[in-house]
Every structure is written in C-alpha cells, then in structure tokens.
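Could you build the full structure based on these sequences and the hints that come with them?
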Amino acid sequence: MQEINLKALQGEIKAIAATEGNQRTRLINVVRKVQAAYGQVSDPMIDLISEALSMPRIEVEGVVSFYHFLSKRKLGRMPVFLNSSAVAEMMGLKEVAAAFEKAAGIKFGEVTPDELLSLSWTSCIGMSDQEPAALIGGLPFVRLTPEKVFSIIEGLRSGKSPQELVEKLGVGDGNNAHPLVRSMVNNHLQLSGQVLFSSFTNGAALRKAVSLTPEQVIEEVKRSRLRGRGGAGFPTGMKWDFCRKAQGGEHYVFCNADEGEPGTFTDRVLLTEKPELVFEGMTVAGYAIDAEHGILYLRQEYQYLLAYLEDVLEKRRTAGLLGKNCAGKAGFNFDIRIQMGAGAYICGEESALINSTEGRRGDPRDRPPFPVQSGYLGNPTLVNNVETLAAAARVVENGAEWYIVFGSGQSTGTKLLSVSGDCRRPGVYELPMGLPVRMILAVVGAENPQAVQVGGPSGTFIAEKDFDRKICYDDLSTGGALIVFGADRDIMSIVYNFACFFESESCGWCVPCRVGTRLLKAKLEKINQGNGTLRDLAEMEQWGKIMKSTSRCGLGQTAANPELTTLANFRSIYQHRIKEDEYLTGFDLKTAVAEACEATGRYLQDE
Amino acid sequence: MVKAKIATTSLAGCFGCHMSILDIDERILKLAELVEFDKSPINDIKRFSGQCDVGLIEGGCCNHENVEVLRAFRKRCNILVSVGECALMGGLPALRNGIPMTECLKEAYLDGPSVVDGSIPNDPELPLILDKVYPCHEVVKIDYFLPGCPPSADLIWESLVGLLTGREADLPYELIKYD
Amino acid sequence: MSDKIKFLMEGKECTGKPGQSILQAADDNGVYIPRLCYHPDLKPGGSCRVCTVNVNGRNMAACTTPVADGMVILNETEELRDLRRALVEMLFIEGNHYCPFCEKSGNCELQALAYRLKIMAPRFPYMFPERKLDATHPAIFIDGNRCIQCGRCVRAAEEVDHKPILGFIGRGVAMRIKAGSSKGLAGVEIGPEDACVKVCPVGSIIVRETAYRTPIGKRTYDHQPIGSDIEARAPES
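Residue numbers (full-length UniProt numbering), protein chains in the order written: chain A, 1 to 607; chain B, 1 to 179; chain C, 1 to 237.
Just so you know, these hints were derived from the structure itself, not from any lab. Don't take each hint at face value.
[Unchecked claim] Straight-line C-alpha distance at most 25 Å; calculated SDA-like pairs for lysine to any residue: (1) A:K590 to B:L95; (2) A:K526 to C:R85; (3) B:K106 to A:E598; (4) A:K94 to A:S42; (5) A:K160 to A:I106; (6) B:K3 to B:D143; (7) C:K118 to B:V161; (8) C:K163 to A:S42; (9) C:K4 to C:D69; (10) A:K521 to B:K141; (11) C:K132 to B:D179; (12) A:K72 to C:D134; (13) C:K183 to C:P138; (14) A:K168 to A:G138; (15) A:K72 to C:S182; (16) A:K148 to A:G174; (17) A:K548 to C:M127.
[Stated by the list, open to error] If you only want the chain C side, here are some residues facing chain A, beta carbon under 8 Å, derived: (18) A86; (19) L87; (20) F124; (21) P164; (22) R171; (23) G172.
[Unchecked claim] To give an idea of the interface, some chain A residues facing chain B are shown, with a C-beta separation under 7 Å as derived from the structure: (24) A307; (25) Y308; (26) L589; (27) V593; (28) E595; (29) T600.
Being a predicted model, the structure only gives us computed values, none of them experimental. Idealized CB from N, CA, C, for every residue including glycine.
See the structure below:
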C-alpha cells in the first residue's frame, strides 16, 4: 500500500519538478509547490525532490528547514500563520491568539485532528497598519478581532475557501479590489507625493531612457544623488555604474521586494498601486547595466499580489515595454520574472536574496566579491529596493534637477514612510526627505508619544528629546518603518518582542549573531523576572557591542540595536526593574526543585 | 601573624579536586604555615567556626542541599573559588541536563535494564534534586575559577598562594587545562 | 610589475601576495591570527569570526578580507582579545562541551584556543541544549553536542571529497550539521579517510575505536599553544 503511494508520489513530484525545468536553481519554487500540494515537505518528499532535481539531499533538507513557510511536519490544509510583531501585540494580539486556539481547539504549533487547520507564529507580514493580522491559506486577514477569528474558523470548517471569507469580510481600497487581487488589505495611502504616487504614464521613463545612452542614464541617476531606499543609503547611480562595468557573464537586475523589517510596508503599497513604475525602474536599470533579465524577489507574505503582478508584466510585454526590442529600442531585450520567497527576514539582505533565488538557504555571502561583481549564478547583479527602482524611473523620466528639489542636502527626493502604532492615521506617507520626526508625528496624528522606533527593530528607538532629528541619511535613516509608541506602552515588552524577532530570524551562520541574539533575549528575561542588576545592563551593552563589531552581516550588526538604543535613550525602563544588589544570578531554588517536589510529594522547608 | 582561614567543600563532585589539593605534596607544610583549615572534608570540621577568607568549591549543584551549602559558603567566605569542571560547568553530572528529570529517574530506578522491582528513592533524608545541574556561578557569585578535571595541584597551589599573598599568580600555559 | 602587497601588521612591515586573505598573508609573515572555522585546504567560511582583526580602524574577518596595499592591521589589542574570548566562550556555552571525557581533548582547536586566550570560565550562562548523536554508521559518528557549526566538514565534503553528503539544517541557534540521508550517516558514503571527517576541529566527527590513543602530555596542544607553528615561521628581524 505504502509502496504504491510512494510510487504515485514520485510521479507527482517528478511532474512538479518538471514544471520548473528540473532545475536545481529553482528549488525554492519546487519545494513551495510541494508544500502547497501536500501541506508539508516530508522526508520521502525530500528524497524524491533531490532525485528529480539531481541535487544533494542535504541541500533540499537544508532549504526546507530554513524558511518559515516550509515544513517537514504536516501543516493543516488551511495553515494559519499569525504575525507576532510588536505592533500586533499592541493591537490585541494576545486576545486574537487565544481566540484562534479556542476556535481551532489546538495550541500554536499543533494541527487539528482532521488536518484542516494548523496554528503557527510568523514574523511581521507587512500589515503593521492593520494589525493583528494573519496569513490563512496564504491570504492576509487583517484587523483581526476574536469575533472575526471565530467566524473565519467557522467558515473554514464549513468548507468555505479563504477567498470566500475575504469577500464576506470585505475587500480593501484601491487595487486591493482589483479582480486579480481581491484582498481585504487596505492601502492606507495617506499622503501621495510628487515622485512615487503621482500620475505616471506607462513607458514614459523607459522611452526617455532608451533615447539616451546607458552611460547617460547612469549619469542622470548619479546626478540625482538617489540613494538606496532600503535604509543603508548606498548611492544608486554608483551601484549601477559598478554593475555596468563589471566583467563577465550576463548582467541581472534584482528588485528586492522582501521587506521584512517589522513595521515596514511601503513595498506592499507601491506594488499594489504602482507596479508599472517599479517594473519600469527595473527595465530602465536593465538598459543602464546592459542586462536581459530582471527578477522581482517577492516575499511569500505578498503572494496575494502575485497573479496581479504577473498580469501587469504580461500587459507590459504586450505593450512592447518588455521582451525583445523593449520600447522600440533595437537590440535591447529585457524581461522580468517573479521569484517567490518562502519566509525569511534575512533574505532582504541582498546576497541572501541571491542565494535564495539560486535555490539555496538564505545565508548571506561574504564580501568581497560584491553582488555587482559576482552575484546571481556568479554574474554581475544589481540588487535594488522596490522604492529605489520606482524613484530611479522618475529620475530618468524627469531629470535629476526635478528630483533633487524634493529633498535636502545629501538626501534628495521623497521617502516613503510606513507609519504604524499609536497614531490616528497609520499608513503610507510620501514625504520629502529631511523632515523632523516631530512634524511627521503631527501629520500622522500621534498625540504625546513617548517613543518612536525609526527603521524598525534594527533601527533606532528615540525619545521626545530627539523628535527634532530628521529623517534622512545623515541623521535618522530608515527603510520606511516608523512605529509610534504612546505614553502607556511598556517599552520593555516591545524590546523583548524585538529580541525574540532577531533570535528567530538569525540565519545561524555566524557565532555572534546566532548566540548573541539568544543571550540578549535571556538577559531581558532575567531583568523582567526581577533578577537584573546594574551589572546586567553593563553586560547587555558589552555583549551588544560584540555582536555589532563581529557579526557577518547587517542582521547581526544591528540585532542588538533595540537593547543598545533603549539603554541609551530609555534607561529608566531598565532602572525601574533592576535591583540594587551588586550581583544576582537569577537562580530560584523553588523553581529548580518544583519538579522534584511534585515527583516526591516533599517540599522545601521555608528558609 | 594571623593565618588566613580556608574552607572547602565538595558538592556534586567526585572529590577528585580535593585529591588534587592534597597532591601539592610537601608544599602542604608551607600551606599549613599560611592557612588554617576551617570547615572542610580534609579535617572533617562540619561547621564554620567563623568568617573565612577563602572558600574552595568542588562540584556543581544538583540538589537543594548543594545549593544551601553553597549559599552558606558564599555567606561565610570573603572569596569564593570554583575548583574544577563540575563547579565551573556542571561536569559529568550535568550530562543529565538535556534530559527531563522524571525521564532520568525512570531510566535509573524503574526502566533500566538491570533494575528489578525498582522504585524511585524518596527517603525524607534525601535532598530534593534540581531540574538540572547548575554551575556554581549560576547560583551564587563566584570570584575566581580554576578549570580542570581536576585542576592540577600546581594550578591550585599557584592560585592559592597568589590569593593569600596578594600577588598576581603566574600561570604558565601548561597549567590551564580543562581535562 | 608589483606582485607584492605591503601592509603593516602590529606596526611591522609585512608583505603579501595578490589573492591572499589577511589571514593567509599573516600566516606567511609568522603572525598567528586566532581562527576556528578556517582551514588551509578549504575556502573560508567566515562564520566563527574569531579571526576578527582591526583593519584601518574597522573590525573585519581576516579569513574573508583580501589583503591590500597599505592596510594597517592590528591583531593583538585588548579589545580584539576580549572579542575573541567572547566568541570562543559563546561556542562553549552554546553546545555541551565536556572536556574531561572528550576523545578530542588535547587535540581540540576550540579548547586550544580557549587555553591560548586564557579563558578560565565563560562569562555567559550555559545553554545545555538538546543535541543529537548520529551513531548510525559503523566507523564514524557525529556528536552534535560538541559541534560548533563551523561548517568545515560541509566545505571539505564538497570541495575536497567531492561528495556533498553533509550540510546545515535549521537556522539560528537551532542550526545543525546533518548527513544527507534520511538514514543518517549510515545512508551516506563516508569513510575515516575522508577530508570531511578529518577537518573537524572539535570532537564532533569522530572515527570509532581511535579514542585516547595519544597519552596526556603528548597531545597536540599539551605543551605549545595553538598557533605556535605559525609563529615559528616569523622571519628573524
């Protein structure tokens, strides 16, 4: 019996592998399809995949065990992934999680006996403006309440599809109501600026680009002083130039749509409302660096946009904006494919993203070589953020002079901010670079906040005294996230949430990040349990600095920022909790003997 | 000259570290000039006679009695030294740390291959065992650490003399070993 | 044509060759930079970070950073010593390292590095993780308790043995080395002579029936600190 099943399975998995050309570089696609079909990628399935793709079994297992949405253990047919981010906690996550457990009759980490439902936690799914939110059967369900949870679970039990439930709950604004999207997500596009969310004529930037030489295009981008919108701020024109000049192999343009930094959701809205502009930016970049291939790396959390984005691409092909002789430019051939992720914050790091696209674990690579020299399959590869490419398209379309007017100093243009937390108007704002935080807080309707997290957990926690600092590369840099914390919020529990986030998102490759994230989390637990001393605060600072100065990539180098920036700016939250003792180990005899007491029926005499 | 007072104990250890203390051989005469032993299995003194200068701890904490003794040492000794791998990191007894306690007890006293009519010992005299074996410095503050299984007599001697005379101990490479 | 790279190491003028990493160039000049995941026969892994040095004011991994003309490199500052100690201590508390009865004791690079760095006890609390033992193979076993995730075996299997039979699974603090078969080591082709077995710096990959053959006092690191061989290469000044 089992043998027959295995035989059938073999045929099915062979067929799945064939849809990806049996290419091992498409492993992520293959395992995603297997996961979707069987609710798991089991040991026998791993064997069959490795056979079908003629690749080492351990590499398949390594990949399956790396990503959040892949599982060796069987998940439910309707897997629930509830987002555990700090903003979700602020918006009632606890009650919603309890409702899921009650309604499903299982705990998180379990599967219902009928295998319909499974409950899992996941990191930020890009819905911070409409938390609590979960992915159910792959679709985002937002603004969850216990009542909604009960009705959703009831609906699933009665055989309704997640899409039917979304329709019942109501679809969101803008293109969220597009026939190919039909999502309950809301854009919350609160403020459109003149660069990204103003009107744009398809092909305008590309036609302008191909009327220039690639060198002229790069020169224009350089003159605009556009810098990477992911937060690191590397000059975009320079990156294009490096990649163009890199020797060897075909050149690739990657668009990094793996925004996983908690509190960031600018890409979500750009891709929903302005996908043409993003694709146009990729195509312009392709022209500039002499590439034929563009790849949009889309995080699995945004899979609900996939069909819609594929349709946009198809329309661009029909319109002659993709494919052979793009925009009528003889010899300029460029097309774009979409690579789905499978759930990993680290894949937002450009070399990890490339590894993932090659069908590997999303570990970052060592540099040098930089991706512009040797990236995807060893080829010169340009990786730009979604917003960067969209802005670059407008720069080329309208010229650098037009663009630099919108910013200040070394931070030109507009910046998208995704605002969440305690404010009246959470959502996406397109604002000129260089505005002070205080002004932004007024615009978003944040009353008397005690703290703002700029740039997400890897960014900076700032207090009122710093609200006059500016959002720009020279001061407070952000990939978009701005999380507001009202006066009543417990900053300590937010820091702890961030510590848990980094611990679960560390790829594990390097020691300081892998071990350090766990150590910092344990320190916070010790302090929360009332066993902290001044020595613990000093150690947290020292250990955080060790992580910062020895970690291999940006994740580890910034993973201690929640602790380091709150120790600097919100020391009182720790001081309230620590004891005056010089040294406390945190050892509690009662807890340590609890199990023995229960087993023996004997108890400690009170000391 | 007032002699320094030393106390020693073996918690969840094998007394190997105490053997190593005795391994200082004829230097024990010099030690006797420097110190007076207080509570210690070496002289079989059971109670502290007063405040001590140095406490040497062998073994980690595997039961509540170990914890109580260690805490008493912390209280009665100005300087506390963890001696040997068990005190430092739990040592051999800590091998059980990855296994749930009840599972350990079952395997040892009920389901083990050599067990006949087994029962888990539960005499009121027996100390309650802890959920895991703790290194001493995870229970109380420890001032110095002497690694080794056991630490060599030379390491113990050099360190002790250093502590008692207030000069920095000169510890050559070959003295610091974890086995 | 200049095929010599000139750089300063602890204020001393040194030369390197194009294509060399800082670590390799330092080795040639008789300067030992502590390391764990690096192995001369393999591509660098950049994972242990123990070889972190200060290059022109910035901390960088010596094994993955190419040496370049004019670099000013510091290797023995108090800050670097402390960083390295911390990294080695992290490895000790992350796994279950019972030196007293480990077959590798005396020949273990992790232990030897701790000796060299004069670590008396780790500053971090022990994790006592649950780790697995793969004892399915008749000749070789992998003890996860002692694994430091350096990936040398993974690289050796791929680069030297040309059979990718080992790899990483899981991520973060749950990342582990695993054999590429659902049957464990028994399901893969591996032998005591394979590079992937020999490169293990700790007692994680062990050839059965070879334990404790070298008496205490004659083991690799009993008398000379790790790195002494490299330091012996230092040209007379």
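*What are the numbers of the hints the structure violates, in ascending order?*
4, 24, 25
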